[in-house]
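The task is simple: from the sequences and hints, build the whole structure.
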Amino acid sequence: MRKLVALSLLGWLMWGHPTPAAEPPTVYEKVYLTQAQALATVMPGLQVKSQTVALSAAKRKQIQARLHRKVPENQITLFVGQHQGKTERYALVMNEIGKYYPITFMVAVNPKGSVEQVVIMVYREKRGDAVRRGRFLNQFNHKSSQDALAVNTDIIHLTGATISSWSVAAGVKKALVLLEELVLHP
Amino acid sequence: MSMRRQIWRAHKWIGLCACIFMLIVSLTALGLNHPEWLTAERPSAIAATGLQRQNITALAADPFNPKHLVASDEHALYQSLDQGHAWQDLPLFVPAEHVNHIAFAPDQPGRLVVSLRDSGLYLSDDGGQIWEEMPLPFKPVAGEQIQTLSLAGKGQIHLKTRQGLYYFEPKAGWKNNVSTTPQARQQQETRSNWLYDLHTGKIFGPWGLYLYDAAALALIFLSLSGIYLSWRLMARRTLTAKNS
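If you read the sequences in order, they're chains V and H.
Residues 1 to 186 in our numbering are what the first sequence spells out, letter by letter.
Residues 1 to 244 in our numbering are what the second sequence spells out, letter by letter.
Just so you know, the hints here were simulated from the structure itself, not pulled from any lab data.
It should be emphasised that the depicted structure is a prediction, and the values quoted were computed from it without experimental measurement.
If you anchor each label on the Cβ, the simulated ranges turn out as follows:
#, chain 1, residue 1, chain 2, residue 2, range
1, H, Tyr210, V, Ser56, 50 to 56 Å
2, V, Thr77, H, Ala86, 43 to 49 Å
3, V, Ser114, H, Ala86, 33 to 39 Å
Ideal Cβ positions, reconstructed from N, Cα and C, are used throughout, including at glycine.
Next comes the structure, spelled out in structure tokens:
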């Protein structure tokens, strides 16, 4: 009898308990870092100012050819971190589609064009948030736009977060190429 | 041999087998809780080696240039400009894993769409040099995978997933003809998430992970100590039998 009750309870929990009907897709949004917190993390002790750079048609074409992907942005906003008037670091906020919703993250780059740090700011899906861990993100450090920055080539994805790993890798590559083409070597 | 002895022997061996099973379950639980421990194959081991013709998973010919073929294997996209004699990489900005369909538009030169089973649709208007990700018409629930697609004229796309059929028109966007209702999809998602949380320990909050780790470690200890004690018992019996 006890077994029957236990099995019924398990069955009800798994298959029979009431679920919300016809709701829009659930966003499991988790904010790990606000923009201010992310900037404080990637540019500690630096004076930060934001700057907007426009994309010309010719630049867009060049960038798209390098990335093998469309770049819909007309302009980008970047953050410049300075110490005693000297630029020490740049940072870009990227939004890359994961499985369905975008992942928001910040890519910090030094003036030589290599990655200093990547931090996840907002993750919006139920699974795959392990990409925020240093074990994955540290792989990008010191990589430049000359590196492949591709999962299965020079980046190892996380099992259980494969598509998020792809998205972050593609976003870091895009940030590096955008910075290089628009700011570092315009 | 007495019945009791037979049962005891069966109990011992089945117990040992169960220990091995428990070890597997516990170790895999630890691995699932800590996905960062489980890396993909080392990059060098799976570097692209070019298209192996026997491994082609999808193939399409350009209707405006029959010599132009696009194909995929399990890991990448390739194109041939000479009807398949020589192949070269066709770069996509994400790994082209599990491409299950490639389709050229019948009325727009250079337009092609590839579907990646687990991640979505990618569209190119210049024969595959520059791509863009197409937003999916559905939020993938557990187990929903893209199965095939077809491009009709005027930018129309038909997409088949495990849940049903979807239809895209440039002006109207996506329309669905899914076989499951929104309620059923929501229920499926809720159940899947519940199982996932229970399996990973997330159901118990931030400490669940550590609780499951402790349980997995305890099971590993019990399995190993059980195997050791059983081996000791067998060794002692063998020694006793020899001495007597």
